[in-house]
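Chains F and A, in that order, give the protein sequences.
Heads up, the first sequence is in UniProt numbering, so the first residue is 1 and it goes up one at a time.
Heads up, the second sequence is in UniProt numbering, so the first residue is 1 and it goes up one at a time.
Hints are supplied without guarantee of correctness; some may be wrong.
Same chains, same label: a pair holds when it works inside one copy or across any pair of copies.
Claimed, not checked - Mimicking DSS-like on lysine-lysine, the simulated pairs with C-alpha atoms at most 27 angstroms apart in a straight line are: (1) Lys-98 / Lys-215; (2) Lys-387 / Lys-420; (3) Lys-429 / Lys-387; (4) Lys-629 / Lys-509; (5) Lys-111 / Lys-309; (6) Lys-420 / Lys-409; (7) Lys-23 / Lys-407; (8) Lys-409 / Lys-141; (9) Lys-407 / Lys-325; (10) Lys-141 / Lys-387; (11) Lys-325 / Lys-409; (12) Lys-421 / Lys-350; (13) Lys-102 / Lys-325; (14) Lys-141 / Lys-407; (15) Lys-407 / Lys-420; (16) Lys-111 / Lys-350; (17) Lys-350 / Lys-30; (18) Lys-24 / Lys-629; (19) Lys-421 / Lys-387; (20) Lys-387 / Lys-98; (21) Lys-23 / Lys-615; (22) Lys-165 / Lys-179; (23) Lys-350 / Lys-24; (24) Lys-121 / Lys-350; (25) Lys-5 / Lys-65.
Simulated from the structure, these hints should not be mistaken for laboratory data.
2 protein chains.
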Amino acid sequence: METLKFKEFSSLVNISFWHELSKKKLDVLKLSDKPVDINAYYTFSTSQQLDPFLCLEFNSFQPLKNSNNTNEEYYQLPIRSYLSPGTLYNYNTSEDFKQSPKAKIFEDTSKQIYNDITTGKVDKDPSLLTRFILLTYADIKNHQFYYLFGFPALLPSTPMQQSGKVQGLSEYLNTDQLKSLASQLPLSQFFLLKKQGDGVQVHTIDQWTTVNGDKPSEEEDNLPIVGFCDPCCLPENPSWPLRNFLVYLSVRYQVKKVKVICFRGMGLLSSAQSTETSSIVFTAVLPEQQKSDEWSGKSVGWEKDTNGKIAPRYVSIASTMDPLKLASQSVDLNLKLMRWRILPSLNLEKVQDTKCLLLGSGTLGCNVARCLMSWGVRNLTFVDSGKVSYSNPVRQTLFTFDDCTPKQKEKATAAADAIKKIFPAMNAKGEVMSIPMAGHAVAQQDLENVKSQFEKLDKLVQEHDVIYLLTDSRESRWLPTLLARYYGKLLINAALGFDSYLVIRHGVKGTESDGGCDLGCYFCNDVIAPSDTMKDRTLDQQCTVTRPGLSMMASAAAVELMVSVLHHPQGGRAPGETQNELNSEISTPLGIVPHQLRGFLSYYQTLPLFANPYKNCTACSQPVINEFKEHGWEFVLRVLNDSSCLTKITGIDDIQNENVNIDWEIEGQSNSDDGDDF
Amino acid sequence: METLKFKEFSSLVNISFWHELSKKKLDVLKLSDKPVDINAYYTFSTSQQLDPFLCLEFNSFQPLKNSNNTNEEYYQLPIRSYLSPGTLYNYNTSEDFKQSPKAKIFEDTSKQIYNDITTGKVDKDPSLLTRFILLTYADIKNHQFYYLFGFPALLPSTPMQQSGKVQGLSEYLNTDQLKSLASQLPLSQFFLLKKQGDGVQVHTIDQWTTVNGDKPSEEEDNLPIVGFCDPCCLPENPSWPLRNFLVYLSVRYQVKKVKVICFRGMGLLSSAQSTETSSIVFTAVLPEQQKSDEWSGKSVGWEKDTNGKIAPRYVSIASTMDPLKLASQSVDLNLKLMRWRILPSLNLEKVQDTKCLLLGSGTLGCNVARCLMSWGVRNLTFVDSGKVSYSNPVRQTLFTFDDCTPKQKEKATAAADAIKKIFPAMNAKGEVMSIPMAGHAVAQQDLENVKSQFEKLDKLVQEHDVIYLLTDSRESRWLPTLLARYYGKLLINAALGFDSYLVIRHGVKGTESDGGCDLGCYFCNDVIAPSDTMKDRTLDQQCTVTRPGLSMMASAAAVELMVSVLHHPQGGRAPGETQNELNSEISTPLGIVPHQLRGFLSYYQTLPLFANPYKNCTACSQPVINEFKEHGWEFVLRVLNDSSCLTKITGIDDIQNENVNIDWEIEGQSNSDDGDDF
């Protein structure tokens, strides 16, 4: 008689499992550290050098098949593999992980296994005997994982013994019996076997009494025979799953002595290798087991680290990851974290899917693009006709010295390139083109060129969801304003003064039933048509003369405003809220959705303001839209050549001399409130 | 008799002149288009192929020597050169340039020349006869210049004639006379000459009557002789300066016929070339000139372009410039423009000379650095112990994908490198180091390392003027707060919440007589010592969970606040102003100088707040400063190991349980209001 020794499990965690855990943590678990059901499998070993592995992969989080699962949405075992159900305890901090009630968890799991045995659950589902525990701390930020596996094995009061010699399966069964066994493959995880003449019969374990009767023989030659699929290949020892199976036999059927087949499967399955070489058979002698309501004995089975100590293992998967995917995952992580505690209703997917068109790639264009990228927006198109000049990089945050020497690069493409250098997963494009400007007459030889610019812009507006108007002159804002209005796109307009800024979302045209609200555009408070203001500008009017911090403030406000609008149930039709809404119910999880923001740096003041659309507006009013609808390019060309035709079309001719209340015009800045594109 | 023909001047403008004009325009002229006195020179020509050049260089803007000039601050003529005084009309726009009253200017200048003749000014200063005009439009932004020269020559009613043949000077004077002339070199621009036996005598032009009497001879052999230093080399023709000289002779002395020496200098000056070869002599016959109070005749002399048309010339100096200098100049330009119209009192030099220490190189550090660079700050030092991770570049605006793969770069040095890539003239450094943190106990083996970190930080604080505190934990803010207070440095602290931010300038310790105001620090409203909050943080607490736009807003506010403080007469001792100051007198040209800014993104609100220093503050109060003064590192180490000692030192032990009004704590964010350093 010898004490039975079992080869313990080794965990084999595929990298895909850690990736999946990261995803689960971010999207589902978040801050929860409640136990999570997971599944693992083990299979036969092909070499004595290979440990019995418990394997986890990306699909370990999938539930077991049940009537609720549809196709492939359940945990699927690989061929010739056996299920091991487990419980994941994922902690939020390394400290929590260290402090986790390991002993208690292990004890509870042991009790559960015992309970499953006594209540008969194991009869129907023998895999419950292989229940395991996984404690983890996922340092997702750094793509590092700390983990500890437990494979609880219930310890009888005295050790289980092995009696006599270990035989090979082919010694124990004759050729016919082996053939008979082979015909009944695949075998269950745990099974019963009965020799019947030249054959054998395999039974499920719940058939014990049927197969072996109430009082099975304890004679060596007539012992009841059990078997299990053994994931190890050692010549003398069985592996871990047998432990709880023997306890099961002892507890459930008071078995004292039993023939055990450690079935190692492989040889039987290949016709070329018809002799079973690794499966072994021996006689196990089990101590008498006091039956009780609850497991009160000991259990063992924490996995040891490489030094043989029970201690967490560590894995870093960063080096195995595609840098680009790593970057994408990390970027998403940062955003998704917002949903954890603070803003569960944050719709990051909606933000991410928003295609943004940036008209102007100067200080505003660069900062707006950066801020959009931080919010997860992946599709950006830059439009600019200028080149990067020496003074740009210190203010225009996507450019460097190399962009202006030895050759000046085009701003639009340089900006798109920079975005991709920051985050290669971005879909950023640059369109080098001018925006046709109201009142800038088109010479005959330029006609085709300007027309194609118009057509290009018209197409770009249609292709994008949000238009950012970040140019440096009033007249360049006219056509984009009209097009965005015409195609019902959200347009966000930003303009800088010396120490003040304006951010305004133009009204989106709605249907009569959408219940939303219409808002004024940049031109709605003007009673003059946009005309050529660039013809005779002094140096300071040509260049950005603005306090450097202003562009960051305005750009950030413009992007945050867009994100808020995207979260409003009425989107671009959301009413223009002001700080008066401070005490009423907030319309979006991100706060109020103003119509206009006026920032005044000298007093560090920001005012959310509101203005109604102007029925005679030269850019967004119905007469202008109608004219465009009817005449298209021909109408646009007319305005380019002589913007004063707009005053006739809209009827503001009649009221030009009236005194109107230009309530949001920055004092003394009427001509240079835009103009950051030095 | 032949009509006298004169070789006109060609302008030869050295690139250094255009550079100087750019500088003058930016720093002095700004938007002024008033005429500016400038000076040019001409010298002898060495070849018939070389035009007579009027030369302008960088020093053309210097005034002529007078009693007010000190050493070298006046216009210095090169050797053997002659002065030509001019007037620069520099226009602000190309349109103004085109529309300039060219004819009027030319006429006025002609009248002035005539007036200088009749009033006798020319007698004393013959260079006034060579007065010139320069009209320019300096497109400094693009380093391009448009210009038009005028060299007004008064036209007599009928053309001046030449009688007889043109002689060489060595034909006209014998060897002895030539030698005599040579001994009287250098000659004035315009001069009189008298043959006297074997010699000649040179006189200044105001000696006319003395030399030639009231009624000079009109006989060919006895004509009065005049001369001028002739910048051309043509065998038959004099150059432009002679024109007004002859008019002068005619108007001032009613000269009708005169022998003219076109002195071309060179041969006489070199002993090796003792024969004068290029100077010529001829007889000029002048029409009678009606004397009047004012010039009413015509004048000619606009410079033609290369096509022979009177049209502006164009020069681009960009290609001749060192790209780095070009960049520096362009960057300065953008800032200096602010002074033109809007803020003449802006002290850009003070801003530029401010050395800034950035503690933390995360989203705040990157954006603050960018904003400082835009303001012209040239000295930046980054401090951070972290490396660039994949999620950083989309929010931390100085990093790219390449900074995190294949190897993660150190944030501090990567940030400094990025700054230099943007603008190579920056003096940016990175210090890879941790900031010793209150309550983070120091293990024995780390002692030396932490001590050297302390010493390094201590040194850095001393070496810089403004300290930006942009770290991501409360306890890392303690030591910098103490050090800045101890060394009397301005410290600006910024911290981000999810949708709110705090920017606060810590009070600077003053003398009793400085009249300034002391202000609270980040810790002044706390009644607990900073302790280890980082030990057990969940993922969202470790990472920046903040709306992406917030960092730009807070960073911009932090930098603008510093610039305002630098403009306040009391600097860091400026009282903390709030929006109540809206209607009172503004203390700086940039607006109010608040103590704290609290930004709330959900309502787009910014509140300038104020808080007094707290006499028991754990970071900036006198007991803490005293303890540091006395025990230095030993005291710091004590706090690192156990920050609770601070409560004893400051005496807040006694009041910890009192209810204090934490009026500027962000609701629900007490632990994560900082933490942007994911």
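Now for the hints, and whether the structure bears them out:
1. In this assembly of identical chains, Lys-98 and Lys-215 lie within 27 angstroms of each other by CA distance neither inside one copy nor across copies; the values are 49 angstroms within and 119 angstroms between.
2. Taking the closest pair of Cα atoms, Lys-387 and Lys-420 come within 27 angstroms of each other both inside a single copy (19 angstroms) and across two copies (21 angstroms).
3. Taking identical chains as interchangeable, the C-alpha atoms of Lys-429 and Lys-387 lie at most 27 angstroms apart only when both belong to the same chain, with a minimum of 16 angstroms there against 30 angstroms between chains.
4. When the C-alpha separation of Lys-629 and Lys-509 is checked against a cutoff of 27 angstroms, the pair qualifies only within one copy, where the shortest distance is 14 angstroms, while the shortest distance between copies is 67 angstroms.
5. Taking the shortest alpha-carbon separations for Lys-111 and Lys-309, only the intra-copy value of 24 angstroms comes in at or below 27 angstroms, while the best inter-copy value is 105 angstroms.
6. Proximity of Lys-420 and Lys-409 under a CA criterion of 27 angstroms is satisfied in both settings, with 16 angstroms inside one chain copy and 19 angstroms between copies.
7. Taking the shortest Cα distances, Lys-23 and Lys-407 sit within 27 angstroms of each other only across copies (24 angstroms), while inside one copy they are farther apart (45 angstroms).
8. Taking the shortest Cα distances, Lys-409 and Lys-141 sit within 27 angstroms of each other only across copies (16 angstroms), while inside one copy they are farther apart (36 angstroms).
9. Taking the shortest Cα distances, Lys-407 and Lys-325 sit within 27 angstroms of each other only across copies (16 angstroms), while inside one copy they are farther apart (33 angstroms).
10. Taking identical chains as interchangeable, the C-alpha atoms of Lys-141 and Lys-387 lie at most 27 angstroms apart only when they sit on different chains, with a minimum of 13 angstroms there against 39 angstroms within one chain.
11. In this assembly of identical chains, Lys-325 and Lys-409 lie within 27 angstroms of each other by CA distance solely across copies; the values are 19 angstroms between and 29 angstroms within a copy.
12. Taking the shortest Cα distances, Lys-421 and Lys-350 sit within 27 angstroms of each other inside one copy (24 angstroms), while across copies they are farther apart (35 angstroms).
13. In this homomeric assembly, Lys-102 and Lys-325 never come within 27 angstroms of each other (Cα to Cα): the closest approach is 34 angstroms inside a single copy and 66 angstroms across copies.
14. Proximity of Lys-141 to Lys-407 under the C-alpha cut-off of 27 angstroms is restricted to the inter-copy arrangement: shortest distance 16 angstroms between copies versus 40 angstroms within a copy.
15. In this homomeric assembly, Lys-407 and Lys-420 come within 27 angstroms of each other (Cα to Cα) both inside a single copy, at 20 angstroms, and across copies, at 19 angstroms.
16. In this assembly of identical chains, Lys-111 and Lys-350 lie within 27 angstroms of each other by CA distance neither inside one copy nor across copies; the values are 47 angstroms within and 75 angstroms between.
17. When the C-alpha separation of Lys-350 and Lys-30 is checked against a cutoff of 27 angstroms, the pair qualifies only within one copy, where the shortest distance is 20 angstroms, while the shortest distance between copies is 49 angstroms.
18. For the identical chains of this complex, Lys-24 and Lys-629 are neighbours neither inside a copy (50 angstroms) nor across copies (52 angstroms), given an alpha-carbon limit of 27 angstroms.
19. In this homomeric assembly, Lys-421 and Lys-387 come within 27 angstroms of each other (Cα to Cα) both inside a single copy, at 19 angstroms, and across copies, at 18 angstroms.
20. In this assembly of identical chains, the alpha carbons of Lys-387 and Lys-98 lie at most 27 angstroms apart only when taken from different copies (26 angstroms versus 57 angstroms within one copy).
21. For the identical chains of this complex, Lys-23 and Lys-615 are neighbours neither inside a copy (51 angstroms) nor across copies (49 angstroms), given an alpha-carbon limit of 27 angstroms.
22. In this assembly of identical chains, Lys-165 and Lys-179 lie within 27 angstroms of each other by CA distance solely inside one copy; the values are 24 angstroms within and 137 angstroms between copies.
23. Taking the shortest Cα distances, Lys-350 and Lys-24 sit within 27 angstroms of each other inside one copy (20 angstroms), while across copies they are farther apart (53 angstroms).
24. Proximity of Lys-121 to Lys-350 under the C-alpha cut-off of 27 angstroms is found in neither arrangement, the shortest distances being 46 angstroms within a copy and 81 angstroms between copies.
25. Taking identical chains as interchangeable, the C-alpha atoms of Lys-5 and Lys-65 are never at most 27 angstroms apart, the minima being 34 angstroms within one chain and 109 angstroms between chains.
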